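The lines below spell out each chain.
2 protein chains.
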Amino acid sequence: MTHKAAIIGGGVIGGGWAARFLLNGWDVAVFDPDPEARRKIDEVLANARRALPALYDKVLPAEGRLTFHGDLVETVAGAAWVQESVPERLELKHKVHGQITRAADAGAVIGSSTSGFKPSELTAEGAKVIVAHPFNPVYLLPLVELVGAPTLCDRAATLLREIGMHPLTIRKEIDAHIADRLLEAVWRESLWLVKDGIATTEEIDEAIRMGFGLRWAQMGLFETYRIAGGEAGMKHFMEQFGPALEWPWTKLMDVPAFTPELVDLIAGQSDAQSGHMSIRELERLRDDNLVGMMRALRKSGSGAGGTINAHEAGLPDPEPLDLPVTVDRVIPQSWTDYNGHMNETHYVEVSCQATDRFMEMIGADAAYVASGGSYFTVENHVRYLAEMLAGDRVTVTTQVLDGRGKKMHLFHRLTKADGTLAATVETLLLHVDIKTRRSAPPSEAVAAQLSRFAEAHADLPKPKGVGLAVGQRG
Amino acid sequence: MTHKAAIIGGGVIGGGWAARFLLNGWDVAVFDPDPEARRKIDEVLANARRALPALYDKVLPAEGRLTFHGDLVETVAGAAWVQESVPERLELKHKVHGQITRAADAGAVIGSSTSGFKPSELTAEGAKVIVAHPFNPVYLLPLVELVGAPTLCDRAATLLREIGMHPLTIRKEIDAHIADRLLEAVWRESLWLVKDGIATTEEIDEAIRMGFGLRWAQMGLFETYRIAGGEAGMKHFMEQFGPALEWPWTKLMDVPAFTPELVDLIAGQSDAQSGHMSIRELERLRDDNLVGMMRALRKSGSGAGGTINAHEAGLPDPEPLDLPVTVDRVIPQSWTDYNGHMNETHYVEVSCQATDRFMEMIGADAAYVASGGSYFTVENHVRYLAEMLAGDRVTVTTQVLDGRGKKMHLFHRLTKADGTLAATVETLLLHVDIKTRRSAPPSEAVAAQLSRFAEAHADLPKPKGVGLAVGQRG
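In order, the protein sequences belong to chains A and B.
The first sequence begins at 1 in the numbering used here and counts up by one.
The second sequence begins at 1 in the numbering used here and counts up by one.
No lab work stands behind these hints, which were simulated from the structure alone.
It cannot be assumed that every hint is accurate.
Note: identical chains are not told apart, hence a pair may lie in one copy or across any two.
[To be verified] Result set (EDC-like, lysine to aspartate or glutamate): computed pairs, CA atoms no more than 20 Å apart in a straight line: (1) Lys235 <-> Asp271; (2) Lys462 <-> Asp402; (3) Lys172 <-> Glu202; (4) Lys299 <-> Glu349; (5) Lys172 <-> Asp322; (6) Lys40 <-> Glu281; (7) Lys195 <-> Glu173; (8) Lys58 <-> Asp392; (9) Lys235 <-> Asp264; (10) Lys118 <-> Asp337; (11) Lys195 <-> Glu239; (12) Lys407 <-> Glu387; (13) Lys235 <-> Glu202; (14) Lys435 <-> Glu387; (15) Lys299 <-> Glu281.
None of these values were measured; they are calculated from a predicted model.
Please model the complete structure; the sequences and the hints are all you need to start from.
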């Protein structure tokens with residue numbers, strides 16, 4: 001059954017929530033009196049549609065239905081999740097939370113995107129709300145800080161995992177939760193550095209992204225310092241660097257006066273740094289960088305890479321047709337090249353994913369490889385028939401040409417969503433013993449399952465393109 | 001001419017400097033009275049050798065010579081760069097800097113890795129030193145903070161760029177420079193959060209790496225907030241969030257007492273978080289994540305990706321043999337798969353790099369593509385002949401089989417450093433008009449240069465493997 005989410009307040013954060021739910025197959029109802037709300041959410045959605053599917057090697061569920069409402073009661077009716085993202089004024093939050101609590105289903109999660117208020121403040125007038133604090137862009141970054149009643153947080157965590165997010169339930173409430181306290185500390189110190197003329201906004205950004213920012217994106221603070229402690233460990237690190245706490249390395253006991261001059265100084269430097277790009281261009285650059293880095297983290301499963309891997313494992317495999325469908329996915333931006341289309345390399349990457357999936361289907365899966373058997377590719381013949389662009393959906397069908405003995409001879413057809421045949425890949429694999437790295441027969445179980453496919457495909461016509469050398473016409 | 005670097009103090013930081021210089025072709029002389037110094041530097045070097053070359057699609061210069069010395073004067077003789085990384089005690093730094101200044105060449109850069117001391121403190125006794133503060137792992141992270149005499153910093157910046165680093169010259173000296181001030185702010189706040197039981201070390205790491213850590217790795221703080229300000233810009237962001245400076249979102253006006261109980265609490269939580277992995281395993285995980293993310297950033301050229309792109313552009317292209325050598329590179333970890341070897345996809349990626357390089361050699365380069373012409377691959381036939389492993393060096397030679405009209409028919413041989421033929425790729429491309437996406441003749445200049453190669457290769461024997469269909473033996 002399709003879930004429904006209600007989005008109360010549709011700015012950058014509310015729009016990000018809407019996109020995250022929609023692209024994971026939820027219906028989304030939006031309430032926002034701003035006449036610009038629909039345009040703003042459409043812009044966030046356009047960004048999300050080009051970025052979120054690119055994190056995955058399967059397709060996400062079909063997009064849910066997006067509706068806009070002028071009535072809060074109608075908006076929240078039947079919603080399993082209601083997310084409030086209105087401005088940070090406590091009396092406004094109280095009013096909205098009261099209305100939502102009265103109108104929402106008894107079992108609904110009511111989350112507030114507040115970055116500053118604690119649950120004890122939000123629930124002071126009896127609302128059933130918890131803090132569910134996300135990070136921009138909400139459709140890409142996994143983190144959601146949950147604070148509030150444990151049973152509500154548990155229910156929220158389950159639903160967040162279903163939409164590919166990483167819930168972090170905080171043990172005790174505190175102003176600004178966790179991440180924003182750390183951000184605030186860096187923000188204050190950075191304002192001092194600019195105000196005192198030590199560094200410009202651009203220089204501070206370089207000091208972050210050329211160094212510790214790269215460390216933090218994959219391990220955070222403590223695990224990084226554990227490594228810095230080396231063989232002697234964390235205790236050694238603490239003892240070595242602990243005394244620095246007493247040194248005058250920060251101005252943070254003091255807050256810079258927030259004058260118009262400081263605002264102009266920062267805004268002017270930011271214009272000099274980034275003013276050559278529009279906000280939309282910056283957003284797309286950010287998203288492409290995030291997608292590229294998060295895809296890179298999938299290799300080790302660290303941090304966000306692990307979140308994506310876990311989410312993808314729960315996505316359904318493609319439904320088999322006459323021929324098994326072995327891939328159904330979207331082309332990420334990072335796969336395109338200077339010709340503006342998917343590079344030849346990634347046609348083979350998709351073909352390889354099809355082979356891997358087919359291997360799983362005949363029982364030559366990860367456990368089988370761990371037990372010592374696998375298939376190695378010995379030859380590929382790729383015919384590039386149509387261009388593919390970033391965002392294109394591609395499905396692959398796999399036909400078995402030969403499955404006798406150690407051989408697995410397959411024919412993959414890569415087809416675009418409009419039915420265009422984009423490529424064919426004729427691929428020949430040999431079964432090997434992983435220890436000796438030499439060819440060897442597959443297990444009886446794998447041989448039997450491969451034969452079953454080979455027999456089922458035996459009467460199919462020989463595909464156009466099979467058995468040809470480069471440049472030969474069929 | 002080979003440069004020489006002298007490394008004074010060979011711990012994790014000194015060893016990282018040694019590796020960065022060595023792998024960029026510098027000779028490195030090490031002075032460290034610690035009898036373990038050689039073992040420690042060898043371990044850092046082993047990590048660096050598996051990670052740094054994997055950032056590039058060309059090979060780095062041949063490794064320099066590493067020597068260990070018991071005498072400081074001998075160590076620094078003839079060095080263009082002397083880097084001091086001894087413990088953070090000012091009287092020790094003064095003593096070592098004095099010795100170096102007297103012994104070093106007049107033109108040498110003398111850098112101190114100090115994270116805390118200012119140039120005015122370091123030079124109080126007349127030493128010619130500047131601050132050159134790097135970040136662990138020094139062989140991967142580009143950032144070096146330079147503080148001190150402008151002419152010395154300028155000379156240092158030039159040399160650092162040559163070894164692929166990003167020098168950031170700081171306008172005015174300040175305790176702890178820039179990055180460590182920001183790190184210190186987060187460290188203090190994090191200690192409070194653990195001490196007060198709000199979060200464990202692992203939860204704080206998740207709050208960082210699942211959210212803002214990913215943002216900071218590619219844009220830093222201010223550009224991220226510029227985006228958060230949306231269409232209204234940085235000034236709007238400041239005005240909206242500035243007042244939060246007055247809120248009680250931080251404990252930073254106060255420093256947690258550094259008691260044995262706090263040390264045990266942190267060290268115990270860190271063991272629970274990461275104790276299942278050794279420091280070496282954590283280092284390799286970190287390095288693989290960094291390489292993957294930094295390679296991903298090369299696509300956009302943001303941050304560290306831009307630094308690598310600029311460095312690689314200055315590396316020499318392979319020397320032509322009888323056949324042009326079109327690729328000379330090392331296989332990164334991220335290209336391997338569950339079979340423990342380079343995945344079939346990346347044989348095609350290497351082949352594509354060879355085609356791209358050959359296109360440059362005949363004048364079909366980036367400027368040519370921008371002017372409207374390019375080649376699209378229409379067919380590939382890949383014979384996978386030998387496994388390749390992470391760290392393997394591979395060279396590719398390219399033979400022209402046909403270069404008439406719109407056709408470019410090439411044969412790439414991928415060869416490992418030990419001479420093993422790892423794969424052949426027969427590839428057929430057609431020249432296209434980029435605007436119409438249809439085949440069209442190349443420019444006269446490109447046609448002429450392609451013909452020149454085709455004629456030179458016309459008398460070569462037909463390579464084994466050409467003109468075969470999948471499964472056919474030649």
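Evaluated hints:
1. Lys235 <-> Asp271: Between copies, since 10 Å is at most 20 Å while 44 Å is not.
2. Lys462 <-> Asp402: Within one copy only: 12 Å inside a chain, 30 Å across chains, cut-off 20 Å.
3. Lys172 <-> Glu202: Answer is between; shortest inter-copy Cα gap is 16 Å, intra-copy 36 Å.
4. Lys299 <-> Glu349: both (15 Å within a copy, 18 Å between copies)
5. Lys172 <-> Asp322: neither (55 Å within a copy, 71 Å between copies)
6. Lys40 <-> Glu281: within (15 Å within a copy, 46 Å between copies)
7. Lys195 <-> Glu173: Cα proximity of Lys195 and Glu173: across copies only (14 Å, versus 33 Å in one copy).
8. Lys58 <-> Asp392: within (13 Å within a copy, 31 Å between copies)
9. Lys235 <-> Asp264: between (44 Å within a copy, 7 Å between copies)
10. Lys118 <-> Asp337: neither (47 Å within a copy, 46 Å between copies)
11. Lys195 <-> Glu239: Classified as between; 16 Å across copies, 33 Å inside a copy.
12. Lys407 <-> Glu387: between (31 Å within a copy, 18 Å between copies)
13. Lys235 <-> Glu202: Only across copies: Lys235 and Glu202 sit 16 Å apart there, 35 Å inside one copy, limit 20 Å.
14. Lys435 <-> Glu387: between (40 Å within a copy, 13 Å between copies)
15. Lys299 <-> Glu281: between (28 Å within a copy, 15 Å between copies)
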